[in-house]
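A.B. asks: Chain by chain, the residues run as shown.
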Amino acid sequence: MAIFLAMGLSLNPRDIPSPLIDKPAPEFSLPILATPEKVLSKADMAGKVWLLNVWASWCGSCRAEHPVFNELVKMNIVPIIGLNYKDEPWAAQKWLNQLGNPYQVSIIDREGRTGIDYGVYGVPETFVIDKKGLIRYKHIGVVRWNDVQQTLLPMIKQLNAEI
Amino acid sequence: MKSLPILILLVLSFQCVAGVEYKKFDDPEKEQAYGVLIEELRCLVCQNQTIADSNADLAKDLRRQVYEMLEKGQSRDEIVDFMIERYGDFVMYNPQFKAKTGVLWIAPFVFLLSGFILVWIISRKKIENNMEANEQQKQKKIKVKSLLDQGDQS
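So the sequence lines, in the order shown, correspond to chains G and E.
Take any residue in the first sequence, note its place counting from 1, add 131, and you have its number in this note's numbering.
Take any residue in the second sequence, note its place counting from 1, add 37, and you have its number in this note's numbering.
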């Protein structure tokens, strides 16, 4: 019983394991924030390793991780798609103008439906999706530069090497 | 004057239910299924509340999801599967019984049973010890008696 207690105490109850790991990323087809008349679908990203970062202008922690993505995108090794989650498009656009825009595009999930498909329960969340469109990793909460170096970069390299 | 506290209570009680929006169903069976389901699903933001109890945005969205799926005629099991596929077993207050969650269900009974066995072993040992002690006591008494008897004879 002591073993169970020790195991339980060492876990973080906020880190709920995602059942989506190694499963196909859910389909979506959502309007692009900068050009809402156009849509981006999951199929548009096929054949690439990419990041899906769930963010919102009302989300304080998103502000905290934003500089990390601004840095990451400069390395030019992985496209980052923003999923603008339950946000006002004008507020989101203003936020990006102020803080910089690391996203190839951001797509609008106004009602949080794509969020539900991805099992999003707290923003920010970041998914690593491989060339075949499988979710390979999910990071819950703020991504720090440490996480980029220790987890994301090695993973992106490894996934890029896969055929 | 008497009616004032009652009035206050009435106003307060309405505030209590105001948190969760009302969903209108045409089919009472679906309404009942909705009531049961939202009590079974966990709000993942406020982990120790069901989505029926929670005002969190996510809980509201999940209630909307449950409502829409029921109105589309989907069954309870389909909705539960939908949620587990996306949020994992943790989304259910009573996780389904399967290999991954088996320990959760079985462990309490195993612990209870091992407790009973332990009590049984300990108490049996005590009884054995007692019997042994009684036996020794008896032997001693016989010895004392025989010594006394011998003493009397001399």
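If you're looking for bench data, these hints aren't it; they were derived computationally from the structure.
Predicted, not measured: the structure shown is a model, and the values here were computed from it.
Beta carbons are placed, not taken as given, at the ideal position from N, Cα and C, and that holds for glycine.
Be aware that a few hints might be false.
Examples of chain G residues toward chain E, derived with CB under 8 Å [as the list claims (entries may be wrong)]: (1) 148; (2) 152; (3) 155; (4) 248.
A.B. asks: So which of the earlier hints does this model not fit?
C.D. replies: 2, 3
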